[in-house]
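The hints should help you fit chain B onto chain A, whose structure is shown.
So the sequence lines, in the order shown, correspond to chains A and B. Taken in order, the first sequence gives residues 0 to 330; the numbers are from numbering that gives the first Met the number 0. Taken in order, the second sequence gives residues 0 to 330; the numbers are from numbering that gives the first Met the number 0.
These are computed hints drawn from the structure, not numbers from a lab. Note that the structure is a prediction, hence the values are computed from the model and not measured. What you were told as hints is all true, and nothing was included just to trick you.
Identical chains blur together in the list; that is why a pair holds if it fits in one copy or across any two.
Each computed SDA-like pair below joins lysine to any residue, with the alpha-carbon atoms no more than 25 Å apart:
1) K1 <-> A235
2) K1 <-> T194
3) K200 <-> V212
4) K309 <-> A16
5) K1 <-> A206
6) K1 <-> L205
7) K1 <-> P229
8) K200 <-> M0
2 protein chains.
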Amino acid sequence: MKKLINSPETVLTDALAGFAAAHPELTVDLDQRVIARGTRPGTPKVAVVSGGGSGHEPLHGGFVGPGMLDAACPGEIFTSPVPDQVLAAAQAVHTGAGVVLVVKNYTGDVLNFRLAAELAEEEGIEIRTVLVDDDVAVEDSTWTAGRRGTGATVVVEKTTGALAERGATLAEVAAIGKRANAASRSFAVALTAATVPAAGKPGFDLAEDEIEVGVGIHGEPGRRREPLRPARELAAEVVDTILADHDLTAGDEVIALVNGLGGTPLLELYVVYGAIHARLAERGITIARRLVGSYVTSLDMAGFSLTLTKADPQLLDLWDAPVSTPALTWS
Amino acid sequence: MKKLINSPETVLTDALAGFAAAHPELTVDLDQRVIARGTRPGTPKVAVVSGGGSGHEPLHGGFVGPGMLDAACPGEIFTSPVPDQVLAAAQAVHTGAGVVLVVKNYTGDVLNFRLAAELAEEEGIEIRTVLVDDDVAVEDSTWTAGRRGTGATVVVEKTTGALAERGATLAEVAAIGKRANAASRSFAVALTAATVPAAGKPGFDLAEDEIEVGVGIHGEPGRRREPLRPARELAAEVVDTILADHDLTAGDEVIALVNGLGGTPLLELYVVYGAIHARLAERGITIARRLVGSYVTSLDMAGFSLTLTKADPQLLDLWDAPVSTPALTWS
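Looking at chain A on its own, in the form it has when it is part of the complex (with noise of 0.2 Å):
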């Protein structure tokens, strides 16, 4: 295992440590492991609060700030956070309009987020939870109940963060970050496992030439295993197996995210975003926003999610809306 790391069981304590001292305009509690907001709101708002395991960065901490999350609670590397942990973001954020907590699926985080929100409902804190669930590749598994929570959380993240701050209310707030969750699909195609530090080897193994299809973000199996073949195939398989999940028609709008896996150059992903471009155009289909980098990994994994989002005006609006996180920044 060559990681850039000082050893397996502080991985987590060092990179959040680095991550403090690279962003003094955010609080970091380094004991709690709650990074938050370095100002509060002049007039309360609802907050916006998430977490998961660590190994996916830039999410969540790095969707922390104006415009997006309020407060972000990192676990231990594929696992996630405890209850007491995501109850202290979220009392570190409300200001007495509600808290929505946004949610992958796995079976882990939907526990530990639940006791979390039992518990701050009874610290008068109230909780409204969205769930993320948009990876088309498998219908349960072994980490999932259901489908498993992927790219769509970025969309999620940042449409109820855009909400948040114009002042709507907690329902609305929760209201939008499900919409924007069920209009969303991702599929994922790994070239190489993620080593977890604390195991030392990959998660699973591949040839040469072969790649997991419908991989997930912590290396769980996909749908098959295949040959590599050229960025072009790969992409409109990718596409295509979204299209037969989503209703999106000729002559609808997307929302596009190509994201890196951990491992995958930005050129690659250039190359791999044409070619969802043009299958997407074959449909009729336009994207209309797009992101295209690193923004749910699994620690060094090589390969490409890509995350599609029917758009409607209210998203986009949303999705335009001013952002200044350490790893999203518009105006």
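Same frame as chain A, but now just chain B:
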């Protein structure tokens, strides 16, 4: 070789087509291979143009936009753009106030940009060249006379771009670029070699526990090979190597770029950043501004580079100026 490409022959063409589709706010000439801003300035301003071999994305095309480059011209993978291409980039964006060419110090680039400058001058376009040579690892190499140009390119492009935006003269913009370069030093460590698509195999061999210290962004040999060590020790060695070659002293401030080389995930870069921050603090040096991410890459190489620029009020002011490009945006 496992890469998301269509073929080694078309990788640059395909990536540029994808880049053009992903960034409709820019003008991409796919025949000339010139990436330029989508809108022309209202009044004449100095244009800042850069370029170099591809495989270092987001450098340079990802830095085209208001507040930074006016145009970029990407060569083939690890190969300088040709003189006519550089000329076309200068012609595309000059408005009568002259053009600053930012050139990384590699023999091919220096030669081709010099020829392009001569051609442009013949056409009445006034040219100044800023040579970037910040890598302290080696003096002369198979690719270079003198030091190699690496991470400081980001600082040079940001500060020249910001000053040009404010209406400074050609001499002033060139002068700030030279000053930013002179204030910068870099050093890189590779955990793996990059694989050039046309070669189909890694550029050099490293054992499972071995790293290349002082590596170049084309995989040029560094100072030595040594066993992989904890990130803390590597970071300290890199900081100390740079400080030994820099005039930084206790009390100074720096702009720090902790840069991934293409195959290293953000989690690891934050571990490295924390260690660099701590080592500099021990020496009494404060990081006033920083970037943590993959900005000057070497295809899929795993590893990192550190660039330290001695800060002063003018450089910090130009660094903080608004920028809106695919890879760097703030307001």
